[in-house]
Amino acid sequence: MSDANVQSPTARAWQRFKRNRAGWCSAWFLAGFVLLVALWPAFAPYPPDAISDAQFHPPSAAHWFGTDVHGRDLLTRVFYGARISLLVGGVGAGVSLVIGVLWGAVAGYVGGRLDGLMMRIVDVLYALPSIVFVIVLLTALNGILDRFQARGWSGETARGVQLLGLFVGLGAISWLTMARIVRGEVLSLRTRPFVEASRALGAGHARILWLHILPNVVGIVIVYLALTVPAVVLYESFLSYLGLGIQPPQASLGSLIAEGASQINPIRIYWWIIAFPAATLALTLLALNFLGDALRDALDPRSALDQSPVR
Amino acid sequence: MNYLFKRLALLPPLLLVISFLAFVLVRLAPGGPFDRERKPASPEIERALLARYHLDEPVARQYVRFLAGLVRGDFGASLKYRNHTVADIIAQGLPVSLTLGLLAFGFSMGLGIPAGFYGALRRGQWREHGVALLTLLAVCVPSFVVGPVLVMLLAVKWSVFPVALWESPLHVVLPTASLGVYFAGKVARLMREGMIETLRLEFIQTARAKGLSETAVLLRHALRLAVVPVVSYSGPLLADLLTGSFVIENLFQIPGIGVFMVNSSLSRDYPMVVGLVLLYAILLLVLNLIVDLAYHLLDPRVRHE
Chain E
1 MSDANVQSPT ARAWQRFKRN RAGWCSAWFL AGFVLLVALW PAFAPYPPDA
51 ISDAQFHPPS AAHWFGTDVH GRDLLTRVFY GARISLLVGG VGAGVSLVIG
101 VLWGAVAGYV GGRLDGLMMR IVDVLYALPS IVFVIVLLTA LNGILDRFQA
151 RGWSGETARG VQLLGLFVGL GAISWLTMAR IVRGEVLSLR TRPFVEASRA
201 LGAGHARILW LHILPNVVGI VIVYLALTVP AVVLYESFLS YLGLGIQPPQ
251 ASLGSLIAEG ASQINPIRIY WWIIAFPAAT LALTLLALNF LGDALRDALD
301 PRSALDQSPV R
Chain D
1 MNYLFKRLAL LPPLLLVISF LAFVLVRLAP GGPFDRERKP ASPEIERALL
51 ARYHLDEPVA RQYVRFLAGL VRGDFGASLK YRNHTVADII AQGLPVSLTL
101 GLLAFGFSMG LGIPAGFYGA LRRGQWREHG VALLTLLAVC VPSFVVGPVL
151 VMLLAVKWSV FPVALWESPL HVVLPTASLG VYFAGKVARL MREGMIETLR
201 LEFIQTARAK GLSETAVLLR HALRLAVVPV VSYSGPLLAD LLTGSFVIEN
251 LFQIPGIGVF MVNSSLSRDY PMVVGLVLLY AILLLVLNLI VDLAYHLLDP
301 RVRHE
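These protein sequence lines are chains E and D, in that order. FYI, the working numbering numbers position 140 of the first sequence as 140, with every residue one higher than the one before it. FYI, the working numbering numbers position 114 of the second sequence as 114, with every residue one higher than the one before it.
This is chain D alone, in the form it adopts within the complex:
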């Protein structure tokens, strides 16, 4: 509990530093939110716009204003999508991105854990090498390769699945698979090596010696410890899935928040960028915390340290 408290206490100062870095970094980039296609007609209008969003003030003052808003739960207004607040846009897109991320998480775990488990049991056989090669292959085809290939084959050529958008359950299949394959391979590799390591340990011998069935040994005793590396990877995995969805949302035109991360950074939509960076940081920090706690529960050796 003490540990949990310490970790929680670290969150606010960390988020403060992150928000400050993001806040300053986006403003260091040349060009403003009102150049390019949204160039106002006259310098007066531009000045009025800047004043309206308080962009004519010194950065330190703006940051204090931003923090004051944050306390009230206000991330500010988007500069590109006028009449929308950052919180609005996030509230609309986040459920979609989270759904995609969780589906892909389930996909990679559901495929990776059994594959790795199976691969570890068939040591030295062609089936082991088959599993090893397949998982390695999966790690070599990132989502932006799997995605277009799947679209080309399953959507355009054979019209099994829709090409894009996010409407029916059928629309969900291709994005989930494209995002998940790479990570399924990674999970399978971790699982396989964890299982091989675990089967070498003495408590497995003990379990066998006392006459447990092989199924019980593998499922009840070995699996629990062998899955620890996968669990400790699942925090970074979720983070990678969330950032990986930048590409997938772009490719399948899914209305999530991943698309906004890149676009708002390019169009210098300052409040949007800062809000999203903060959001990703919070998600990541909380996820990592949960993973660490799960890790402590699973491995008795960590617990007693």
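This is chain E alone, in the form it adopts within the complex:
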């Protein structure tokens, strides 16, 4: 067999991924959407918090998604909200990636009693009402920020710290499945002949982990990262819906949906202030889930079982 005919595992996975139409379309959709919301401030016709007299206008040529209770353009609000939601989802999942991979790799590689201890900790954390702790933590953080703002911190800094709190809080409750999976993989890789060979040649632990073990877990890590992003986006919306996440005048998809829900009344139905943020959230989650499934089928054909990345 000549080398030209042998495909690397990466190339094969890529082939499989491209054949998955739903995943492929979702990837393009997400790329386009991210680009759109990232560049939106540059050509937005209205600033996100420009208040006008045009309250509760239904969708029209001037306001494609209509306007909200303060006469703000909903299209701009939704795009700004999606920006925050996607940012929190991406960075939150990134935080969970770092913690999960480190935790799992160390536990699996060192093994023995440390492994037992570290995995028991994961088991215990699995059984905790983590979202309850995040709620307590975020209310504490919001209180601290209010205090600092009263002492003359700029709103900009406070908002930055707030986002950081969300990233860390959500990442900190989303890394458990990642740690379990990485640990399982590392445990089996550790005893493989090529690792033993490397050890026999005198390679240090850091070198073995970095050069031989971690490259072999990348595939499965990518899969669970892709499934963690929608879960974190969902968590963020949940918290923002409850008024604990993103604080006004900033918005995320969750707080926009909450605003829409608070305007439900028996006299007039302003369907657009809830329909557009909700549809944007659903569409984003749908694409993220499709992408995650496609990546899983491509990179990890063995596991067909759906394991929720966040407890």
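Derived from the structure by calculation, the hints contain no laboratory data. From a predicted model like this one, the values you see are computed outputs, not experimental measurements. We put the CB at the ideal spot given by N, CA and C, even for glycine. You may find that some hints are simply not true.
To be verified - Residues of chain E placed beyond 12 Å of chain D at every Cβ, according to the derived structure:
#1 S8
#2 P9
#3 W28
#4 A42
#5 S60
#6 V69
#7 G111
#8 G152
#9 E156
#10 G204
#11 H205
#12 I220
Unchecked claim - To spell it out: a stretch of chain E is covered by chain D in this simulated footprint if at least three of its residues, at any positions, have a beta carbon under 8 Å from a beta carbon of chain D; those stretches are:
#13 143 to 150
#14 252 to 258
#15 269 to 279
#16 283 to 293
The hints should help you fit chain D onto chain E, whose structure is shown.
Chain D alone, transformed into the frame defined by chain E:
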């Protein structure tokens, strides 16, 4: 039995750690229970209030006092709802929240298991893709999207169901559905993949080979193993339903305990927060234990390990 004993023995120290964390965390947050709208008229009154609830003592001392109360079954008094103890409020709200959670649990299982089962049998047909798409769609609309949309359509526009509150059986429909749809989708996905995996196994072939009817193969042999992933998910599911009800209780103005979790955390009602965190932890730990036991009974492979 040994396993069960070990798990049970782990509960008390775990709950101790959880209660301590919650106890310290709420007190770290700036602002006290008596600022804002309940600001006392003078510093003297505030001092007297703090002294009455022993909030002027060092935290370690307060914690010991709290533990001593806990031994007597006393969670303390709420600081926001004066004249009510935490145990009172929980006793009033918990049945409502549990009812909502169990109804939504039944809803998601009752809808999800058959849907996933059906989807797995119709492989490669448009019906399979239909089921797969529907379940995926369900996983993309969280309760706080389903809820307002259902209210807007079924309650406000067509007045089929009441808009809010928790009184007659009719009041129960919308909250249950709003909370359950997302999880029904999740259960259906798990069920479908579990079923597909199971049908590939050899014992199914054996069952078919010995001439059992297809119904018997599917219902008596395959279903039992295929449902294992769903069972192992049902612990986290119940937990998610309980926390998910924060939003639903808020939206439908249901007098459960979910509303208190967020509100008491915001208003720094220390005993209330600690009591609720402990309550959720106990519920969750016990539920997980039950699920693990069920899991051991269902899958013979786990049992023999």
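Checked hints:
The non-interface label for S8/E is consistent with chain D: the shortest C-beta to C-beta separation is roughly 28 Å, beyond 12 Å. With a closest Cβ-Cβ approach of about 23 Å to chain D, P9/E is found to remain outside the 12 Å limit, as its non-interface label requires. Remark: the non-interface label on W28/E is consistent with the geometry, its nearest Cβ contact in chain D lying 18 Å away (cut-off 12 Å). Non-interface status of A42/E relative to chain D is upheld: no Cβ of that chain comes within 12 Å, the nearest being about 29 Å off.
Interface exclusion of S60/E from chain D stands, the closest Cβ pair being 21 Å apart, more than 12 Å. Residue-level check passed: V69/E sits 15 Å from the nearest beta carbon of chain D, beyond 12 Å. No Cβ of chain D approaches the Cβ of G111/E within 12 Å, the least distance being about 20 Å, so the stated non-interface status holds. Non-interface call for G152/E relative to chain D: holds, since the shortest CB-CB distance, roughly 16 Å, exceeds 12 Å.
For E156/E, the requirement that its beta carbon stay farther than 12 Å from each beta carbon of chain D is met, with the minimum near 21 Å. Listed as a non-interface residue, G204/E keeps its Cβ farther than 12 Å from every Cβ of chain D; the least gap is roughly 36 Å. Every C-beta of chain D lies more than 12 Å from that of H205/E, the closest at about 31 Å, which supports listing it as non-interface. Under the 12 Å C-beta cut-off, the non-interface status given to I220/E relative to chain D holds; the minimum distance is some 17 Å.
Residues of the region 143 to 150 of chain E lying with their CB closer than 8 Å to a CB of chain D number 4, which satisfies the three-residue condition for coverage. Here's how the region 252 to 258 of chain E fares: 3 of its residues keep a CB closer than 8 Å to some CB of chain D, so the rule of at least three is met and the hint holds. With a cut-off of 8 Å between beta carbons, the region 269 to 279 of chain E has 5 residues touching chain D; three or more are needed, and the interface restraint holds. For the region 283 to 293 of chain E, the stated coverage by chain D holds: 5 residues have a C-beta nearer than 8 Å to a C-beta of that chain, and at least 3 were required.
In summary, the structure agrees with every hint in the numbered list given earlier.
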